[in-house]
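Now for the letters of each chain:
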Amino acid sequence: ELKVEQNPLFLSMQEGKNYTIYCNYSTTSDRLYWYRQDPGKSLESLFVLLSNGAVKQEGRLMASLDTKARLSTLHITAAVHDLSATYFCAGILSGSARQLTFGSGTQLTVLP
Amino acid sequence: KAGVTQTPRYLIKTRGQQVTLSCSPISGHRSVSWYQQTPGQGLQFLFEYFSETQRNKGNFPGRFSGRQFSNSRSEMNVSTLELGDSALYLCASSLGVSNTGELFFGEGSRLTVL
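Residue numbers (my numbering), protein chains in the order written: chain A, 85 to 196; chain B, 3 to 116.
Calculated directly from the structure, the hints in this document are not laboratory data.
It should be emphasised that the depicted structure is a prediction, and the values quoted were computed from it without experimental measurement.
One or more hints might be untrue.
[As the list claims (entries may be wrong)] No farther apart than 27 Å at their CA atoms in a straight line, the calculated lysine-lysine pairs in the BS3-like style are these:
{"hint": "1", "chain 1": "A", "residue 1": "Lys140", "chain 2": "A", "residue 2": "Lys152"}
{"hint": "2", "chain 1": "A", "residue 1": "Lys140", "chain 2": "A", "residue 2": "Lys87"}
{"hint": "3", "chain 1": "B", "residue 1": "Lys15", "chain 2": "A", "residue 2": "Lys125"}
{"hint": "4", "chain 1": "A", "residue 1": "Lys101", "chain 2": "A", "residue 2": "Lys125"}
{"hint": "5", "chain 1": "A", "residue 1": "Lys152", "chain 2": "A", "residue 2": "Lys87"}
{"hint": "6", "chain 1": "A", "residue 1": "Lys125", "chain 2": "B", "residue 2": "Lys59"}
{"hint": "7", "chain 1": "A", "residue 1": "Lys87", "chain 2": "B", "residue 2": "Lys59"}
Produce the complete structure using the sequences and hints provided.
Here it is in structure tokens:
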């Protein structure tokens with residue numbers, strides 16, 4: 085069984101600051117996903133990380149994957165208010181095709 | 003390119019009733035999976051369909067069922083509704099051909115059981 089843990093669960097940060105969200109998973113995962121969810125909305129795909137050492141960046145967000153440590157990180161650079169949302173990571177147990185196991189989510193609030 | 007379409011967006015039912023939710027995937031996508039989102043349990047996998055066949059099923063009672071049609075559209079059904087079934091039901095669409103693809107989510111169907 086794959087378990088995915090995110091921390092922190094809640095994060096308040098000031099605009100302009102940097103921070104990292106951590107995602108640990110319990111066993112081999114074929115790939116690691118990051119999603120964003122705004123209140124009352126659906127999940128927006130941010131990144132799909134496929135292999136050890138993968139790093140992807142989009143704007144102020146950068147995601148990385150360390151399969152040996154079973155750890156993915158989502159780094160936020162110079163946060164802006166528009167980044168306020170809940171961020172989820174999700175893994176897929178090897179051989180389970182497209183069955184995502186989600187973390188609990190990190191609720192990010194960027195304060196002016 | 004149209005995204006994933008879920009209907010209805012909102013619905014209210016009473017205990018004991020049943021409900022059917024619909025999901026139309028992105029054109030060309032053959033895999034549809036369903037997730038339940040609640041404040042207490044978070045996002046949980048229900049089931050996945052690919053080419054009209056159920057490929058995986060999550061840990062939910064038999065009251066939860068689904069199917070997929072030849073045009074890849076999918077429906078899920080919940081019978082004998084319970085208060086705890088109140089949730090946002092999300093459908094995800096993917097090509098389904100390889101294991102490296104993205105999953106794109108619809109806006110969801112928000113079910114309230116009274």
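Going through the hints against the structure:
1. A:Lys140 - A:Lys152: holds, 18 Å
2. A:Lys140 - A:Lys87: holds, 23 Å
3. B:Lys15 - A:Lys125: holds, 21 Å
4. A:Lys101 - A:Lys125: holds, 26 Å
5. A:Lys152 - A:Lys87: holds, 16 Å
6. A:Lys125 - B:Lys59: holds, 25 Å
7. A:Lys87 - B:Lys59: Holds, because 17 Å separates the two Cα atoms, which is no more than 27 Å.
Every hint from the earlier list agrees with this structure, and none is contradicted.
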